[in-house]
Amino acid sequence: MGGEPNSDMYMSNEETVSPRRHWNETVMLQSLKTPTRLAALLIGALVLFLAMALPSVAQSIDDAIAKLTTDGYSDTAAAINALATSGSPRALPIVQALNDGKLQFSASDKKVFIVTATGLVEAVTGAPVATPPADISDVRANNRIRGLVNAALGALSLANPDPQKRIASADAVFKSRDEGALAALDTAIANETNSTVAIAFKAAKAAIILFKADAPVNDRVAAAQAIQLRGTQDAVALLRSLPADTPKPVLEAANASAKAIEYNLALWSMAQNAWYGLSLGSVLLLAAIGLAITFGVMGIINMAHGEMVMIGAYVTFVVQEIIRTRFPGLFDWSLTIALPLAFMTSGLVGIAIERTIIRWLYGRPLDTLLATWGISLALQQTVRSIFGANNREVGSPSWMSGSFQVGQLSITWGRMWIIVFALIVFAGLIAILRRTPLGLQMRAVTQNRSMASAMGIPTAWIDALTFGLGCGIAGIAGVALSQIDNVSPNLGQGYIIDSFMVVVFGGVGNLWGTLVGAMTLGIVNKFLEPVAGAVLGKIFVLVAIILFIQKRPRGLFALKGRAVES
Amino acid sequence: MSLFKTMTIAGAVLAGALTASAALAEDTIKVGVLHSLSGTMAISETTLKDTVLFLIDEQNKKGGVLGKKLEPVVVDPASNWPLFAEKARELISKDKVSVVFGCWTSVSRKSVLPVFKELNSILFYPVQYEGEESERNVFYTGAAPNQQAIPAVDYLMSADGGSVKRWVLAGTDYVYPRTTNKILEAYLKAKGVAAEDIMINYTPFGHSDWQSIVADIKKFGSAGKKTAVVSTINGDANVPFYKELGNQGIKATDIPVVAFSVGEEELAGLDAKPLVGHLAAWNYFESIKTPENAQFIKDWQAFTKNPKRTTNDPMEATVIGFHAWVAAVTKAGTTDTDKVIDTLPGTKVPNLTGGTAEVLPNHHITKPVYIGEIKADGQFDIVWQTKSLVPGAAWSSYLEGSKDLVADWVTLKCGNYNTITKKCGG
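Residue numbers (the working numbering), protein chains in the order written: chain A, 1 to 566; chain B, 1 to 426.
No lab work stands behind these hints: they were computed from the structure. Each residue gets a CB set at the ideal place from its N, CA and C atoms; glycine is no exception. There could be a bad hint or two in this list.
Where chain B lies over chain A, by a calculated footprint (3+ residues, C-beta under 8 Å) [claimed, not checked]:
(1) 140-149
(2) 243-254
(3) 268-281
(4) 297-303
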């Protein structure tokens, strides 16, 4: 737009062409990139037509702007509704700016501004503002406003070139059931080429018709059946929230649809519990697998095991801090970089502990328990003195954020990668124990120390290395756990009991037992939690394990042979 | 200089310093600080220890109290409840402190109560709690349930709060959430909310796997009525809880969560962007714009030499308690326990949000209530506040066992006076 158009003039004089031409240009630009150009053009034409047919429309956006400058939630809400129905081309950018927190106002000038990448612009005219007014401040939003903004954006952006945005906008209409959007929705459905988006559009339309009191009963029944296709929890909510005075056939159709969806969802919720169980199991596996070496293979009751996990998590924090300040581009690699460092740090701390304290206490389990408990407290307080008592923020790299949908099951990337990672670590550890000379020596030393020594194996160093390996694996677990838990000095405490439980339940000295034990505990926990609650669920599991150990003292997969008997 | 000589001089200097400090000690008023500096609660309580040290430093710059300097005595009860009682005894009998600022969890407060009664000293307790208590030796400067939980629920029921009809009461499994939720349940039912529209869920301390509980909440919330979560989840468990909410795509516009234990400090440990719009109810927020608050934040950050150090609600409660004690001691002209306890009710000190906190006869104080929405930067945007100050009620009027009880240490000299039987003692 050329020059500085007078906003008041534009407001009062509908014949001013420049803003409308601007809108048309935007539409044309968008239309070049999209297969739905016809839809966009049609909507554009519709908006233009509405704008010309209703001379009072411009007035109402003027009112709406004035209301945005009063800094009251009720006025802001009224303004959003007015903007959504105004048909003004400037409505979308203004509501979008409010959604993004980029809308500002000046009470003294009665003007509203949008913060853009290039600077401040006047919201109504789009003209750049050289010097912002002194009393400029953000238009504030609360949850009520945000809900209205979402609904308004839904109605306003049905013709967005981005299919994801169109689906989001269809969902917003589905939730708001704004009858005003029906015409635009029809146009959009007619022009939609993307089948996924079309389904979303149709569901939104069905939602509106279902609640439209003056629509024919047959249409409403059909709408209730159409919504069943959506199959989600919010569809059930919608079907169940029909007012009581709705005609009976409609209510019955809605109930039938809701029941069908609910049955389907109940099946999915089983799958969901199983998935959550696997996820919890993988966390338990990560925490316990290092202990399966130190406790399971070597027989050391290492109460400081949780602190090794914590050290791994803090290594991740330090790595991320350095990356944030020095090499921001590497952030997505931060966890990959932290893995070997965490392994080495925790491993070296473990070796140091073994060399200085634990090796003097072999064969004295009670002393080892007390000494390592003391070490765990000392390590916690050391970390607290260095990093402070507060939680430290460890960010998630982009490939671990967000979730994806499998049917009605939403799976978060972070949890999925942790399961994969736990299995990789498990496989790696098995490979080390079975396929490397170090693993061979470790097994030899733990099975028959004097014989191994006679064969020339440096048993003392193998002990240190084995303990270091167990601790290093715990450090790796810390990297993964930093993604789902608090990175605080107490991080490890929460896992030590669970880890021992997994190892004892699975069978001391057997890695496969640890895997099966962790997964079993995870799944049992998650199926019990919805029924018994988190607290009782944990107690049940603990009691069940105690009873199980009475029956099978060596756990699920007991080691057999002479080495064990001695 | 020979080694021997150096050591003699060093020894002499040291001895001199010791005598000097001993001489100084006679002219000071000792203030006990009983907050955990290690263990689970260190995350929250360390800040309050620093706050008391900061306040003492400020007061000493103004010349102290009654012409004497204040001297802090800091002990570490290490998040160990019985140790709280031992350390309290040590502070009162051995160090002879005039007043103690301390405790965070209710169980630690309950553990030191007998000690304060037996040795007759004063405890200022600065954290929001479940109420149902009023002791002669304790002053409660945090919020009682009617100063935090009830107004928050009222807000959610209002049009601005989203006209919530269905409620999830989620808490950590211990006394504060259990009592608060009992009060809230009774209150909601009194407001006509049906039993099937209330879901109560407890989790252990430090719960970290929230997947199925959040999925449950999501399911409960999609029954067609506007749903909100009232969270009394405490401590570390909050971070994974909010992370899971973000992961499962529960936005504040769908199911808002109002928390009573999440403040600026807790948010500093996580990425607040997915949490925008979730709520917290407190009597103070760092983002409240008053000259008093701006000055306080500036001085606090200068004292801690950390320009990013946040402030929070229990800190403000500590500030109010400290100033009220200073005012009462100044007025009474002595640090004698009985005289200070008698002087404290009626004492008015400014709070940090532009109002006045008055110590009431039931040893609670008047407070404004604010509802804040989490912003992307981890601060709060105030969306609602009570029109006037709310006086703290020791006993909830919504619980069967306590609705007839009143606490009044000025005229009735009783913490649990039964208005029906006209007897002291519940």
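Taking the hints in turn, this is what the structure says about them:
| no. | hint | result |
| --- | --- | --- |
| 1 | 140-149 | holds (count 6) |
| 2 | 243-254 | violated (count 0) |
| 3 | 268-281 | holds (count 6) |
| 4 | 297-303 | violated (count 0) |
Comparing the model with each numbered hint stated earlier shows that hints 2 and 4 do not hold.
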